[in-house]
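Given only the sequences and the hints, what does the whole structure look like? Please build it.
Sequence order for the protein chains is A and B.
Using our numbering, the letters of the first sequence correspond one by one to residues 2 to 490.
Using our numbering, the letters of the second sequence correspond one by one to residues 2 to 490.
Treat the hints with care, as some may be off.
No distinction is drawn between identical chains; accordingly, a pair holds when it is met within one copy or between any pair of copies.
Only pairs whose alpha carbons sit at most 27 Å apart, straight line, appear in this in silico DSSO-like list of lysine-lysine [claimed, not checked]:
no. : residue 1 : residue 2
1   : K181      : K202
2   : K139      : K84
3   : K433      : K340
4   : K181      : K37
5   : K173      : K202
6   : K340      : K44
7   : K340      : K84
8   : K14       : K37
9   : K14       : K138
10  : K37       : K458
11  : K14       : K84
12  : K202      : K340
These aren't lab readings, by the way, just hints derived from the structure by calculation.
There are 2 protein chains.
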Amino acid sequence: MLQFFTLDLLPAKNGEEPTMQFLLEVVDILTNYVRKTFDRSTKVLDFHHPHQLLEGMEGFNLELSDQPESLEQILVDCRDTLKYGVRTGHPRFFNQLSTGLDIIGLAGEWLTSTANTNMFTYEIAPVFVLMEQLTLKKMREIIGWPDGEGDGIFSPGGAISNMYSVMTARYKFFPEVKTKGMTAAPRLVLFTSEHSHYSIKKASAALGFGTENLILLSTDERTHIHSDGLCLQGCVPMFVNATAGSTVYGAFDPIHEIADICEKYNMWLHVDGAWGGGLLMSRKHRHKLRGVERANSVTWNPHKMMGVPLQCSAILVRERGVLSGCNSMCAGYLFQPDKQYDVSYDTGDKAIQCGRHVDIFKFWLMWKAKGTIGFEHHIDKCLDLSHYLYTKIRDQSSVELLPQHTNVCFWYLPPGIRDMPDGQERRDRLHKVAPKIKALMMESGTTMVGYQPQGDKVNFFRMVISNPAATRSDIDFLTDEIERLGHDL
Amino acid sequence: MLQFFTLDLLPAKNGEEPTMQFLLEVVDILTNYVRKTFDRSTKVLDFHHPHQLLEGMEGFNLELSDQPESLEQILVDCRDTLKYGVRTGHPRFFNQLSTGLDIIGLAGEWLTSTANTNMFTYEIAPVFVLMEQLTLKKMREIIGWPDGEGDGIFSPGGAISNMYSVMTARYKFFPEVKTKGMTAAPRLVLFTSEHSHYSIKKASAALGFGTENLILLSTDERTHIHSDGLCLQGCVPMFVNATAGSTVYGAFDPIHEIADICEKYNMWLHVDGAWGGGLLMSRKHRHKLRGVERANSVTWNPHKMMGVPLQCSAILVRERGVLSGCNSMCAGYLFQPDKQYDVSYDTGDKAIQCGRHVDIFKFWLMWKAKGTIGFEHHIDKCLDLSHYLYTKIRDQSSVELLPQHTNVCFWYLPPGIRDMPDGQERRDRLHKVAPKIKALMMESGTTMVGYQPQGDKVNFFRMVISNPAATRSDIDFLTDEIERLGHDL
Numbered sequence: 002m003l004q005f006f007t008l009d010l011l012p013a014k015n016g017e018e019p020t021m022q023f024l025l026e027v028v029d030i031l032t033n034y035v036r037k038t039f040d041r042s043t044k045v046l047d048f049h050h051p052h053q054l055l056e057g058m059e060g061f062n063l064e065l066s067d068q069p070e071s072l073e074q075i076l077v078d079c080r081d082t083l084k085y086g087v088r089t090g091h092p093r094f095f096n097q098l099s100t101g102l103d104i105i106g107l108a109g110e111w112l113t114s115t116a117n118t119n120m121f122t123y124e125i126a127p128v129f130v131l132m133e134q135l136t137l138k139k140m141r142e143i144i145g146w147p148d149g150e151g152d153g154i155f156s157p158g159g160a161i162s163n164m165y166s167v168m169t170a171r172y173k174f175f176p177e178v179k180t181k182g183m184t185a186a187p188r189l190v191l192f193t194s195e196h197s198h199y200s201i202k203k204a205s206a207a208l209g210f211g212t213e214n215l216i217l218l219s220t221d222e223r224t225h226i227h228s229d230g231l232c233l234q235g236c237v238p239m240f241v242n243a244t245a246g247s248t249v250y251g252a253f254d255p256i257h258e259i260a261d262i263c264e265k266y267n268m269w270l271h272v273d274g275a276w277g278g279g280l281l282m283s284r285k286h287r288h289k290l291r292g293v294e295r296a297n298s299v300t301w302n303p304h305k306m307m308g309v310p311l312q313c314s315a316i317l318v319r320e321r322g323v324l325s326g327c328n329s330m331c332a333g334y335l336f337q338p339d340k341q342y343d344v345s346y347d348t349g350d351k352a353i354q355c356g357r358h359v360d361i362f363k364f365w366l367m368w369k370a371k372g373t374i375g376f377e378h379h380i381d382k383c384l385d386l387s388h389y390l391y392t393k394i395r396d397q398s399s400v401e402l403l404p405q406h407t408n409v410c411f412w413y414l415p416p417g418i419r420d421m422p423d424g425q426e427r428r429d430r431l432h433k434v435a436p437k438i439k440a441l442m443m444e445s446g447t448t449m450v451g452y453q454p455q456g457d458k459v460n461f462f463r464m465v466i467s468n469p470a471a472t473r474s475d476i477d478f479l480t481d482e483i484e485r486l487g488h489d490l
Numbered sequence: 002m003l004q005f006f007t008l009d010l011l012p013a014k015n016g017e018e019p020t021m022q023f024l025l026e027v028v029d030i031l032t033n034y035v036r037k038t039f040d041r042s043t044k045v046l047d048f049h050h051p052h053q054l055l056e057g058m059e060g061f062n063l064e065l066s067d068q069p070e071s072l073e074q075i076l077v078d079c080r081d082t083l084k085y086g087v088r089t090g091h092p093r094f095f096n097q098l099s100t101g102l103d104i105i106g107l108a109g110e111w112l113t114s115t116a117n118t119n120m121f122t123y124e125i126a127p128v129f130v131l132m133e134q135l136t137l138k139k140m141r142e143i144i145g146w147p148d149g150e151g152d153g154i155f156s157p158g159g160a161i162s163n164m165y166s167v168m169t170a171r172y173k174f175f176p177e178v179k180t181k182g183m184t185a186a187p188r189l190v191l192f193t194s195e196h197s198h199y200s201i202k203k204a205s206a207a208l209g210f211g212t213e214n215l216i217l218l219s220t221d222e223r224t225h226i227h228s229d230g231l232c233l234q235g236c237v238p239m240f241v242n243a244t245a246g247s248t249v250y251g252a253f254d255p256i257h258e259i260a261d262i263c264e265k266y267n268m269w270l271h272v273d274g275a276w277g278g279g280l281l282m283s284r285k286h287r288h289k290l291r292g293v294e295r296a297n298s299v300t301w302n303p304h305k306m307m308g309v310p311l312q313c314s315a316i317l318v319r320e321r322g323v324l325s326g327c328n329s330m331c332a333g334y335l336f337q338p339d340k341q342y343d344v345s346y347d348t349g350d351k352a353i354q355c356g357r358h359v360d361i362f363k364f365w366l367m368w369k370a371k372g373t374i375g376f377e378h379h380i381d382k383c384l385d386l387s388h389y390l391y392t393k394i395r396d397q398s399s400v401e402l403l404p405q406h407t408n409v410c411f412w413y414l415p416p417g418i419r420d421m422p423d424g425q426e427r428r429d430r431l432h433k434v435a436p437k438i439k440a441l442m443m444e445s446g447t448t449m450v451g452y453q454p455q456g457d458k459v460n461f462f463r464m465v466i467s468n469p470a471a472t473r474s475d476i477d478f479l480t481d482e483i484e485r486l487g488h489d490l
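Now the structure itself:
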């Protein structure tokens, strides 16, 4: 490829051969990366500080210039981009809720990019629009809404899906806000549990409610909502977010209890199942979302627990018509009513976006390839592994566990801290342990796991298992690695 | 692949060989599709009605089932998905603002999917985060902000970028809205020209301003804003959106004029350059955005005029700190302050999203491959072609043109209408011409172009040229095709 430049590629005359050659060389780089991703003898990452990458690494220069680079250099850039990145599909990558590299999903994404189209109309995305419709219906059936009736849309992530739920609820109760603004409504109050995802707070700020009108409900040690906290004084309670799979613990709010209160006070019930929604695929574990069928809306991110590549998040709404009522603006240049096909398939006006990325295909293709039953096995396997880790470290003196949920949260206690009396000094020292281990872990590049403080709890590890490549030996590797790196702290 | 299923692929034991074989077969399907996309002897689409695709086409069944399908069937599904889709990269696809299939951009997307990571932290997207930062700075320099200072983020499309501008403006003038909600502010009014994109209206509804507090400014025949309409009575004017490249006409509002008024009334000036922002890359055409450096924020979608694959949209903000001030919630589980690297590179808290798709890489890679100069050539070529079409049909009796802008908008007049006197009957008949031609065009699958009514104007064609594969002969083909299909109407 040495002699070629982008102008030699299609649509250039005689561009077919160099185009095919170039794409195959790229694929060669990518398949090599895929191979290495699953190879436990490779590192999860090759860590560098920002200033190091910015200064340029052996011919990898991030700066953009006026003149074109050769395709040979472009291939080098591709290789280097992967080299200095993080292998999120590596069996020992446990750092996020989204991990893994599903091969079918990957193929689906490659096809999606090649099709390079937009979800707003049936006109230019006929197949994808129908796939979205069928898949959303299937998800609503699994939630338990009669005949899978209702509405929904795939959105760019769980935060936006949650934002949709708040917007849709507001439109349901106060449709005049759409035209007259928030001043047309009384003071509206939203509720969520204190361990819920911060996107509910972002939505309350963005949509004009104000974060002070979002009331955080206290939770007990098992992170269940104290439902009686929902009762209110002097403003209009409108919306409750129940979390199905909290971000840190993977805990589940008691949906039935909350649904009772929502019915009593005529509030919208949203279930944020961004993380835990996947459990609905498992006959063994779906009971954790008992009552979800009573929700008015549900966020469910197949890109998390179900292992679909990023991004793939759905907002599902029980009542038909509210989502479009809330968002439609009937732009004439896009949604012409006089097309030759049934324009009810032009779904774009439901969205707050105009153009919308095709997030459905990879998910649909994975579903075809795995079957419903394949997702169930995947979920069951992840929760088994999580339970394995929990029981394995439960009795270790080097570990202090938080309550058991989908995620396994724990403090690693280096010998020097183990016998210290509880108190500020111990807390201060313990707070520094996880960041220190994490830094060493990233520098050695062997594995990755997240940590955070939560409420009055100092930094602890959050172990998430959603990676289909992970096995018990990888869990063992992680705990050994924490021990190895943390023992002398 | 006949005998294999998804469970035989990596991470399965001995999964490497079938994985590589499967991915290469997928790539074979995709490269064939790429080849055909640029082949003018292939159709742009093979149109089917929704009910036809839903009933199932020769073994292409969209329904999801409980049991897995073989990889052989998955490959068939991939082939069929492309077969019944629309070739948006075809040289004769003129239907949207986003067209074309850039090979480098495509390779970039394939790599992005393979890396399968998330933009929220440097921790898991070190290279992409830096690329985003450098590219945004470059874009700000091109806008003309001193030293490229300021802030910005890539967002899931122009509508969300525009929404960011309104949110950021509100935070700048009324930061208390973040915590106290819209009732803490006086009645706020937003302005936009009547031909601006409908996302400004969507934002005013979603963010709690209300669409009635968005004032549409009338425009004259050349679609310039009547700037004196901006003066106001009895509420707080806060925000003006100036459009740089309107959706239908591709017209440009006079930014300097509007900036003067914004300064006088202390309003935020946003320039929606989703469509027209690309002209900033061209020394010949950037004068159409004269004054853009006076904007407080700019939307600029490289996935439109610059031919980057979907999605790639940036919101750029002149003042540093407002964007993060507006959106940050400091989620401890994601943005730990005690990491080992400089956490100012963790950009996720600026976003209203939590997880964020990597939209930067394909753009960065295209910039490397084309150079700044390559984008300039592309823009100049598109505008040349647009001018070619305009002058070509200007004197044809079968065509009535709307004023010349970036897009070429026109009515096709079949012989039976040509000599009719102006009046309701002529209007009614003319209104039906474009939809009818478009329907025939889609059924024959030869080319695609958009149409819409606008204000008091009945349906007319909107010809957009952003496809690098299009040549004069394709423009000729389109006009001939319209004549062929419309002559006897």
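Hints, one by one, checked against the model:
Proximity of K181 and K202 under a CA criterion of 27 Å is satisfied in both settings, with 23 Å inside one chain copy and 12 Å between copies. Proximity of K139 to K84 under the C-alpha cut-off of 27 Å is restricted to the inter-copy arrangement: shortest distance 24 Å between copies versus 39 Å within a copy. Taking the shortest Cα distances, K433 and K340 sit within 27 Å of each other only across copies (10 Å), while inside one copy they are farther apart (63 Å). Taking identical chains as interchangeable, the C-alpha atoms of K181 and K37 are never at most 27 Å apart, the minima being 56 Å within one chain and 51 Å between chains.
Within a single copy, K173 and K202 get their C-alpha atoms as close as 20 Å, and across copies as close as 19 Å, so both meet the 27 Å cut-off. Proximity of K340 and K44 under a CA criterion of 27 Å is satisfied inter-copy only: 20 Å between copies versus 54 Å inside one chain copy. With identical chains, the CA atoms of K340 and K84 are at most 27 Å apart between copies only, with a shortest distance of 22 Å across copies and 49 Å within one. Taking the closest pair of Cα atoms, K14 and K37 come within 27 Å of each other only across two copies (14 Å); inside a single copy the shortest separation is 37 Å, beyond that limit.
In this assembly of identical chains, the alpha carbons of K14 and K138 never lie at most 27 Å apart, being 46 Å within a copy and 35 Å across copies at closest. Within a single copy, K37 and K458 get their C-alpha atoms no closer than 37 Å, and across copies no closer than 59 Å, so neither meets the 27 Å cut-off. For a Cα distance limit of 27 Å, the shortest separation of K14 from K84 across copies, 25 Å, qualifies, whereas the shortest one inside one copy, 34 Å, does not. Within a single copy, K202 and K340 get their C-alpha atoms only as close as 41 Å, which misses the 27 Å cut-off; across copies the closest is 24 Å, which meets it.
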